[in-house]
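Student: Chain A is fixed; fit chains B and C onto it per the hints.
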Amino acid sequence: MMEDKVIIVRNLVKKFGSFVANDNLSFDVNRGEIFGFLGANGAGKTTAIRILSGLSRPTSGEVMVAGYDAGKEPEMIKRNIGYMSQKFSLYEDLTVKENIMLYGGIYGMKLAIIKQRTEELLERLNFRDYANRIISDLPLGLRQKLAFSVALLHEPRIVFLDEPTGGVDPITRRQFWEMIYETAAGGITVFVTTHYMDEAEYCDRISIMNDGKIVALDTPENLKQKYKASTVEEVFIKIARPDRIQS
Amino acid sequence: MKRFLGFVKKEFLHIFRDIRTLIIIFGIPVAQILIFGFAVSNDIKDAGVAVLDLSKDEITRKLTDKITSSGFFKKTEDLVNYSDIDLAFKKGKTKAVFIFEKDFGSRLLKEGKATMNVITDASEPNVATLVTNYSMAIAGDFNRELSRNSLNGIALVQPEVKMFYNPALKSHFMFVPGVITLILILICALMTSVTITREKEFGTMEVLLVSPLKPIQIILGKVTPYFLLSIINVVLILVMSWLVFGLPVKGSIVLLMLESMLYILMSLSLGILISTVSKTMQQAIFISLIGLMLPTILLSGFIYPIENMPVIYQYVSSIIPPKYFITIIKNIMIKGTGILFVWKETLVILGMTILFIFISVKKFKIRLQ
Amino acid sequence: MQNAIEASGVSKKFGSTTALDDISFTVGESEVFGFIGPDGAGKTTLFRIITTLLIPDEGVVNVFGTNTVTGYRELRKNIGYMPGRFSLYQDLSVEENLNFYATVFGTTVKENYDLISDIYTHIEPFKKRLAGQLSGGMKQKLALSCALIHKPKLLVLDEPTTGVDAVSRSEFWDMLSKLRRHNITIIVSTPYMDEATRCDRVALIQAGKILVVDKPEIIQSGFSRKLFAVKSVMKHQLIGALRKYPETITAWPFGDSVHLTLRDNKIDQSLYSFLEREGISDTVIIETPAGIEDRFLELMNKPE
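For the protein sequence lines, the chains are A, B and C, in the order given.
For the first sequence, counting from 1, position 220 maps to 220 in the working numbering; every step adds exactly one.
For the second sequence, counting from 1, position 266 maps to 513 in the working numbering; every step adds exactly one.
For the third sequence, counting from 1, position 18 maps to 634 in the working numbering; every step adds exactly one.
Simulated from the structure, these hints should not be mistaken for laboratory data.
Since this is a predicted model, take the numbers as computed values, not measurements.
Any given hint could be a false lead.
Listed below are the simulated DSS-like cross-link pairs for lysine-lysine, each with C-alpha atoms no more than 27 Å apart in a straight line [stated by the list, open to error]:
1) C:K693 with B:K461
2) C:K693 with C:K767
3) B:K447 with C:K767
4) C:K769 with B:K461
Computed footprint of chain C on chain B, listed as stretches where at least three residues anywhere in the stretch have a Cβ under 8 Å from a Cβ of chain C [as the list claims (entries may be wrong)]:
5) 258-272
6) 451-465
Idealized CB from N, CA, C, for every residue including glycine.
Bound-form chain A, shown alone (with noise of 0.2 Å):
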């Protein structure tokens, strides 16, 4: 397996006056790598997820995203990487073929590759019954699968999931999952920030941040052996269990 780096952090810091949200952070996401990021309120994960997707310039250090410098190529990274929350991807009042015109039209994607690609994905989720529904008819489990599939529409190589899988039944979340991995062995990377520590169990590999600093970063089963805990919220809890009241 290709084992190219898709993103490449050193020594990141980010500073709104003299606050520190970025402490010198440094990791590597490999491609086709599920990596999860994840840190309590506040500590500064929304800053470097910023960074990383072009939408803020690092004070100083370099990072790298799919190959372009986030502080001098941001409009680049944009364009290669995919982006899915759960509070905003769809617009509810449009269809779910319009939708999807939408997102490629604003990623500049040609009319042809639009309609194309349109097809092989109501195909490949089954949705040719739904095409032409508007998404706030239609069931949260589809709308999450579609909202996915929308952002890799134009083929990013970097794919940010914001709680992916947050409030949805076991059945469609284990269905999402699967969707996950699938685009993962395809060679995308897919990089998850979630509160839930049930959803970390499933990435390749965890960073979990306290204070603007990673304080931890391995594969969740070696981070539960080395802090000797049976889930990741165990470990979680015990590394950003705030010993003062955090604010």
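Tutor: Coordinates of chains B and C only, in the frame set by chain A:
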């Protein structure tokens, strides 16, 4: 009672914490008064006047000189006959026409009095009033000079004032009743409906409903602060119009305040009614602005006289509460009349208030739908 | 002993969607009772019926023997309710929020301070801060304090742990356990299966129906087959291969492994060799106890 006071205290905290609410409550009235007051200029300088001198003698020349050298007026043109007057106004530069009757000078000397007609363009009521006042003053001045010089000492120029386009001369003071009417309905209805829908939107209403608070306690708790603030607002507007524009309240202040409280109550119950039909703050704002502010400005007689409206609008006008309040407040403030002249309007507003309260208490849900 | 909640045959429709479909259950006094199910399962609707905010189309709910429809006025004094979004006034401070809810319920913070002290001490240092500026975990604690301030007999918590980080969630559950000694009945809803074990009893709820009600360990042990955790680096291929294996009943990804059930309930060499033929050679298979989520899946798949 303690629950109720706790609720009122919380509402006051909301109001005083939010700078935008404070601006709406106190900034808008002040701004409105100033805009309406000063947008219509308070002084005239070099106002264009035309002269139609049918006498052309020494005295009319003197009087014309006095008028045009006063600094208030500037002659735009000399007219030849009456038919020129309308055209002169339509050209736009002329604000007033001075007409000296035939044989003005000889009449003045023989009969001791002569008539000078002043015709003003009252489509700008403010300018028209000022022009009238100034020309009266000039004529009076001229009279005194004349009497000092003349032998019999009774020579008099009689200015006769006529107004074109707006014969009743709605003075610029008229905007004060209009502003009070608009501000009160806007603040009361808008703010109450927004503050209630806000609780729905943020989910706090769910908890209030599950609490032992009765709907009437919630409603009263919501409107009490706005009732008090609105009364302060009325006083503020009255004091401002008195200080800045010298507009006194001719009638009874007590009556004016009582009528205002009734109108505030009506507006508040309207606000509650709006909140029972809106799910979001956006809806509440939309209904309040479109449904209340526009009709109040356009149809209540605030800006456009009701009697000049097409009949259908007159009907619409008669179902909007501000129409009645404007009548009441104009009567009390400007004409100085008492309750005997406004009891009908008062009853209409009272009736509307009772109706709105009845509907809103009925519609206010003790559960979610 | 009297039951805190007795619900029988409760149904509720909104237009053409059925939110609750003939639900019955009982909650004992001083129990911590969890309703566990995905978004849209009907949890919030059920809680609104219990808190007297909604009237069921059919069926009856009695809380401490009082009907939620006819006795709503009486019940509202005894219920502490924390809706899905923490119902706090963002523009009031921590202290002001708490005082307000205390007055609304006709009590004072002082009077019931012992009840909330465990929770409130976490946020007391920030009592002057506006609620809108608190972190998720602190908002959650404040909302809980507000819901408890009038010493309710029934505490209703609708998804109190959604959107809150793992540390705060764990602290939150610890606090709920401590409330037990104050003789307060707690019902709590959550979409997260792993929180089931923190409850005395749970109801698994899906599409407006209750799948099962019992103690979490009994629900787990109700899993009808042996469950195996299969691990490989190539997860995607592994799932596909396992599903092709003729003995397989179900193969679902679960955390870092794939949970597998087999017709004959045992692993033998033929599975290993089958997987090897499919190109997966690093397989590790161990028998594993079923969790709530496994049982939920099994119940969901059970034909009606």
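Student: If a hint holds in the structure, say so; if it doesn't, say that too.
Tutor: Evaluated hints:
1. C:K693 with B:K461: holds, 12 Å
2. C:K693 with C:K767: holds, 9 Å
3. B:K447 with C:K767: holds, 25 Å
4. C:K769 with B:K461: holds, 20 Å
5. 258-272: holds (count 4)
6. 451-465: Per the Cβ count (9), the hint holds.
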